[in-house]
Amino acid sequence: MDIDQFRIKHSSYVAMHGAFVASHCISDSLIFLSIGIGCKAQLPHYMGGHELENNFVSRMGWAELDGDDIINGDVKKIRRNLLGQIERNIANFYPVVISPVVKTIGMESLIENTAEEMRRETGENIWMARLSGAESDFWEGYNSIIIAFIESMDWRSKIEKKTVNIFGYPFDRYEMEHRANIKELRKMLAKIGIKVQAVFLSGTSTTNLQKARKAEYNIILPHSSTIGDDIEKITGKPSIYTDIPMGISNTRQWIKQISIALNRGKRQAQEYLDEQKKIMEKFQGEMKSTFNDVRVGLILDLPFIGPMTSLLEGLGAEISYIIIRDRYYGGKAKLERILKFYNEKLSHIDIQESPSNDEIIRLTNENDLDLVIGSASDISIVKRKTDAKTMTFGFPSYGKHYTDEESPFLGFEGYKNFTGEISDILNGKDQR
Amino acid sequence: MKKMKKNTSGQHCCSLHGWITCLMRNKIDFPVILHSDINCSNLVFKGDSDVNTLGRFFCTNLSEENIIKGDGTKRLEECIDAVIGEEQPRDILILNSCMSQIIGDDVKGTVQKKRGKSRTRIHYRETTGLVFEDPKKVIDDVGYLILETLKNDNSLRDDRERRTINIIGFENYVAHNKNDLRGYDPFLEELRKAGAKINTTIGPGSPISDWKKSLKADININFDRRLYQNVAEIYSKKHNIKTIEVPFPAGIKQTLEFFGIVNEKLGAGKDIISNLEKEIKEAEDYLEKHKNELKKKKIIYNIASNLDFTIGNSAKEGLLMLDFFKELGCDVEILIQGNPEEEHRLAVKNTLQEIGIEDDFTLFGHCGDGYKFIDGSSDTIVYGSPLLKEQAERMGNRFIHYGEILPGLMNMKHNIDIIIGKDGY
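Those protein sequence lines, which keep their order, are chains A and B.
Each residue of the first sequence is one higher than the last, beginning at 1 in the numbering used here.
Each residue of the second sequence is one higher than the last, beginning at 1 in the numbering used here.
Just so you know, these hints were derived from the structure itself, not from any lab.
Hints should not be assumed to be uniformly reliable.
Stated by the list, open to error - The calculated lysine-lysine pairs, modelled on DSBU-like cross-linking and capped at a C-alpha distance of 30 Å, are:
{"hint": "1", "chain 1": "B", "residue 1": "K326", "chain 2": "B", "residue 2": "K213"}
{"hint": "2", "chain 1": "A", "residue 1": "K162", "chain 2": "A", "residue 2": "K256"}
{"hint": "3", "chain 1": "A", "residue 1": "K385", "chain 2": "B", "residue 2": "K213"}
{"hint": "4", "chain 1": "A", "residue 1": "K332", "chain 2": "B", "residue 2": "K74"}
{"hint": "5", "chain 1": "B", "residue 1": "K296", "chain 2": "B", "residue 2": "K237"}
{"hint": "6", "chain 1": "A", "residue 1": "K400", "chain 2": "B", "residue 2": "K74"}
{"hint": "7", "chain 1": "A", "residue 1": "K76", "chain 2": "B", "residue 2": "K137"}
From just these sequences and the hints, can you work out the full model?
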């Protein structure tokens, strides 16, 4: 039996982790963990260091179920401790989650019923976020919080024309890369006369998210593509599925697609895109000397792989390997189709699903890579065992924080900023 | 199923979490297999962990199919075979999880079946989050296992050094992975004058190399006899190293008491007082000089639930520094994070009485609500776990972390300066 399959994986976060992060990203949400004490301990552990704002500890509640509670299906602790959280009066939304063990024992319906009863009794916004079991994924949990929230909303409202919601923005901490991305998305749509009502998720409050009821359409980014149908059903608004506007061509395509789908601002869109094309192509030309023949490894969630690959190849870099972090978006088969869609020649890239740490090190060394882009837990392995330069991207990100400088990676501004950051790393001006 | 021991003021924990945390910080050199789904493998913290230590951990990564079919033990057998086949380790440790318990996997039987089939010693510990555990017990159990893995290694005892001591609990709480003794130099010099020297320090943050080194000392000294009870027994029975309880050597009174006990046990025959005359006088003078300032200070002594498995919040229920703050003349309020219900309050009261503390205390339920009990006065200082740091600073109070109070007479200046907030502190 191959020992590699038993090694601790670089990325093994489950739905519970994703739900915890997503709840943190609604500024007045308090996640209630109907789980055991060990699961409770590990959740803030991963946020600490990733999120400089420490208030995620304040906005979590727990039942600390023990063996007797689980075996006897006893929800007394859940009721008592959830009421205790409500008395603290710091939240307007209380998603309730369970761990794989609690799911396996079959307590899910009991806890969901308890949540519903308490919602009726207290009038508070208490909703169960449904998670699957032992093989669940981070993004499944993240999306389950979005579903729980939109289920909690009353969607009856007068619609404002030319307005949209954006679903699937992967906000994971209250720092300036995300703030700047949201600003960029809003700015680009404003250029073609479209207003954004709400972005799920964006670190904003429940009151701001509830403005979503007024939107005409929902734009579904890839991170929420798996729940697009549910979103459409719950909100009653048509979904427009798009890619992530990252890199020049993806951003252009994104603006065009939305403009066409809403039948709005086609002329403005063309003018804006023509103007940006000149600026971006000039910038891209200037950057190419830095990126030419640079060999890169990507360790990312599937939705980011296509745009990132396209962005880097467009600058002259060569992607040597891709490692898919998630277990949620369709894996290697799906990614091969996506890459083929981007560019036939990208199909040569070595794609791996959740390899062992040793395999990541081997791939990095054998390919003599210049740069590896991945989360802090991925690149901590690369950093210590290879000479490749590294860039932290995604959750968790311990080494790099954006506290005072807007640092987008989406849209045209994001292209310039993100490319500049990689360039600094390659030139030895920045290391993260 | 065993219930949590009620008379505790410290936080209870998931024993698997405690085991993994301590093993990682001990930088273990033997493989550990978690029999679990991938969820619990996240207890092996991957962020900034040492890659070599991370590589010591394996997980059976139970799938939904394993869980439904109940064939998890087959997976465990395969994992044990793979690890032994690849590494032929001298020892291997198997830990289980809530999931493997819930689905009824016979881990003990599986381990039994595998024992004796190779030269590898297979250890098994029943670990779970289904039973609440006292972190002190986990710390002790991990230490015991480490010593067990060393027990047949006679070469480690060849060159025992006379008049050397192992100190249990001198770990740097701030950077506990490094077992850092910076700031301890003046104390080590005083200890030398008292006729002893430190062989090594032992604790949940000590690397395994220090555990090996510990077998060369004369005695172990411990700040709480309830901590490392089983470890003390194995040191005594297998390695003939006795463990004695001493007060934490902070402040003048406790430091001299500490030196006195150590000196007597080692039979060093030195006149401690005359040897340390200069240090005692300087410490007394500095205390006298700042007596009035110190009297104005209120220390909010926090025992929290940061579950970091350190001596700082485990020995004497985290209140090791209580007498030190009182010796300085500070007003001390004890603030404990825990369920504020009456049953728990009584349990905490009992525990404190057991260790000779009659002080009143405040219980607060949610670790995010500690700030409600901090008054924001410039003379109030919060001492304790990092969880309260952000809240203390938000209220405008200074914060002193566990471990910032240093031992010894010469460190009195440092300790007083940190409390009065002298420039640079």
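ask   = What hints, given by number in increasing order, does this structure fail?
value = Hints 1, 5 and 6 not satisfied by this model.
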